[in-house]
Amino acid sequence: MSERVPMLEIRNLHARAGGAQILKGLDLVVGSGEVHAIMGPNGSGKSTLANVLAGRPSVEVTEGSVLYQGRDLLALAPEERAKQGLFLAFQYPVEIPGVSNAYFMKAALNAARAARGEAELDGMDFLELARRKMKLVDFDEALLNRAVNEGFSGGEKKRNEILQLAILEPRLAILDETDSGLDIDALQVVANGVNALRAPDRSAIVITHYQRLLDYVVPDFVHVLADGRIALSGGRELAHELEKKGYGWLELEPAGAAQ
Amino acid sequence: MTSLAAARERYVSRFGDCEAQLASASPGWLAPLRRSSIDRFAELGFPTRKNEAWKYTSLAAIADADLDPRPAPCGGVSRADLRALLGDDASEPLALVFVDGGCARELSPARSSADGVLITSLAGALGAQSDQVRPLLERADLLDRPFNALNGAFQRDGAFVRVTAGARPAEPIQLLFVASPHATGRVASPRNLIRVERGAKAAVSLRFASLCGDVYWTNAVTQIALEEGAELDLIVLQSESDRAFHFSLVDVRQARDSRFRSHQIALGGALARGEICVRLDAPGAECALNGLFVALGEQHSDNQTTVEHARPHGTSRELYKGILGDRARGVFNGLVRVHPDAQRTSARQFNPNLLISDDAQINTKPTLEIGADDVQCSHGSTVGRLDDDALFYLRARGIDAAAARRMLTLAFASEIALAIPQPVLRAQVERQITAKLERSPLERDPLDRGPLERSPRGREAA
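Chains as they are written, first to last, in my numbering: chain A, 795 to 1053; chain B, 2 to 463.
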């Protein structure tokens, strides 16, 4: 595999969710080491894109292809994608009563390590690693021994996602509106988590509604998603422009929509 | 003649075969009791499904199996067998071991009574302590259930546990009931009596395990009396073989301000019926009934609970969880009855169930009968599946679908295991539950269904 193989290559992606066609021919190429921001109005398909990439079964791909590090991503089960370094920070992290957060994260880390041919970490080694990462994302250790996300505040759930990001060190991180509902301190934590992973061999897709997060996680590219397609792409300055002008000036109405 | 009627005749006639033998081995007062028990069984017979208490459980299989209830010599189990059977738990001290219904003395280490606990085999206590055991055995109301009556006719041994006033043994009292490799075709009828005297506090575990892969029947009755201010944790861990029949009644009488907690874990048996009846017989008594039943393959697991609030200021809490997979069938029938003068009763009952396959089934019927007006009572049940969102969340973190399903299923069960206060017993239960679920064949993954077929979320399904 040559160095020029992009991290992610999405071609003509069409997908349905909840009985509706949401993605309608989306193209996107994310190179190694790049951070891409995806913005766009509500209902434009941002979360559907994130879910397609992570393999949520309720989202159905009807056309198009996605190559991840040159391989057919859509052919892989969600767990295979994760084991190969793809990570989705959930917009709505799920509460799992009865499964401890520490147990869950250790299982996740060891699944990834096994897939990379590395030895599994035992409880002590895992805890040492987790403690280091918890410092990075300012995470309350007490939450590690609670059930996954159970009774966590909104901010704690998001921090929990970022802690997992920090522990799992994915090749491709996808953040699905991780910033929404967060105060400035928490935003900083999210940014730290993402920025700590910036490296020539890692990439990130930051899906957000607001430009705010992009002050801390400075993207290489900004895309506007509208009606299931990338309507506009640009550099980081595009985010500021969107913040000032909103989406209206882009005239994003589906010009040639089949009606 | 129907097979149920034929089976009744057979058991009655088998009693005739061994009545003299049974009488020769026990004190004289027991013979008429056995006789009245078998007479009562002859009247009641094997219930049909027209009987409300047996509506969802057919006894055809047990009636068709030609099982022999006559006492058999017990033996054929060595310490090595027990070690192999119990694995990690083998180092735990067992108070008494019963093989095919009889006490195996060579496997039951003598136990001192220095800590205020007296543990003997019932066969021994019948003569020496008849003043204590006789009133318990002679309880006529127990005979109203046919299989208790059958137990009354054929019972010849069991455990007699007495925790004397004020005693607080630090270690749980562990009783083991093993089906030997020779149990095939036989019925074991253990009868246990547990008395926790005034102000005493103890934990007792009844563990049913099997070295027999064939068809046999354990028909156990356990009577428990808690005196004033007494406190008892009862752990019942039922891991019979998957071809066995297992019936067990636990009957509890509670005096003033006594506290009873049961933890019933039902994992084994082709057909298993676990029944617990608690009577809060004096003001201020409290009980908590926790239960977990797991049925897989073709198993049928029937769980019956009754709480009688007979006197004021009683509290009952009940949580029974069911996990049903493959083509298994589950039944939960829970009755809380508040008698007219049981004012200020507080009763809660909840039966959540998890179906982990499309072909599994649960019939659940939580029932409240309230005869007093100043009470706080609630009851309910749910039937749900594994939460698709939770499964996806785990898989999206690299955890295989099968492992994710197991993790969520164990998580559902863990609440019941974690409620067991005694660490050694909790660990035993956790190991057995984990082993049971790891054996389970994980069927097709509901995550692979289409977008419009999503199953209801477990916590929301009603």
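Take the hints with a grain of salt, since some may be wrong.
[Stated by the list, open to error] In silico lysine to aspartate or glutamate, EDC-like type, Cα no more than 20 Å apart, as pairs:
| id | chain 1 | residue 1 | chain 2 | residue 2 |
| --- | --- | --- | --- | --- |
| 1 | A | Lys1038 | A | Asp1009 |
| 2 | A | Lys951 | B | Glu299 |
| 3 | A | Lys951 | B | Asp327 |
| 4 | B | Lys322 | B | Glu299 |
| 5 | A | Lys818 | A | Glu828 |
| 6 | B | Lys437 | B | Asp327 |
[Claimed, not checked] Now the stretches of chain B that chain A is said to cover, found in silico as 3 or more residues with beta-carbon under 8 Å:
| id | region |
| --- | --- |
| 7 | 26–36 |
| 8 | 166–177 |
[As the list claims (entries may be wrong)] Not everything, but these chain A residues come out facing chain B in the computed CB check (under 7 Å):
| id | residue |
| --- | --- |
| 9 | Ala869 |
| 10 | Pro872 |
| 11 | Ala905 |
Bear in mind the hints are in silico, worked out from the structure with no lab data behind them. Positions of the beta carbon are idealized from the N, C-alpha and C atoms, including for glycine.
Verdict on chain A covering the region 166–177 of chain B, where coverage means 3 or more residues with a C-beta closer than 8 Å: Violated - the region 166–177 of chain B has 0 residues with a Cβ nearer than 8 Å to chain A, which falls short of three.
Are the Cα atoms of lysine 322 (chain B) and glutamate 299 (chain B) separated by 20 Å or less? This hinted pair holds, its Cα atoms lying about 19 Å apart.
Straight-line alpha-carbon gap lysine 818 (chain A) to glutamate 828 (chain A), limit 20 Å: 24 Å, violated
Given the hint that lysine 951 (chain A) pairs with glutamate 299 (chain B), does the C-alpha gap stay at or below 20 Å? 41 Å, violated
Has the given pair, lysine 437 (chain B) with aspartate 327 (chain B), been kept, meaning a C-alpha gap of at most 20 Å? 13 Å, holds
Count residues of the region 26–36 of chain B with a Cβ under 8 Å from any Cβ of chain A, then say if the count reaches three. n = 0 at 8 Å, threshold three: violated.
Quick check on the hint: alanine 905 (chain A) CB to chain B CB, less than 7 Å? Since the shortest Cβ distance to chain B is 4 Å, the answer is holds.
Starting from lysine 1038 (chain A), check that the Cα of aspartate 1009 (chain A) is at most 20 Å away, please. Holds, at about 14 Å.
Less than 7 Å between beta-carbons is the criterion; does alanine 869 (chain A) satisfy it with respect to chain B? Nearest chain B Cβ about 14 Å off; hint violated.
Residue hint proline 872 (chain A), partner chain B, criterion CB-CB below 7 Å: 4 Å, holds
Straight-line Cα separation of lysine 951 (chain A) and aspartate 327 (chain B) no greater than 20 Å? 35 Å, violated
Of the hints listed earlier, those the structure fails to meet are numbers 2, 3, 5, 7, 8, 9, in rising order.
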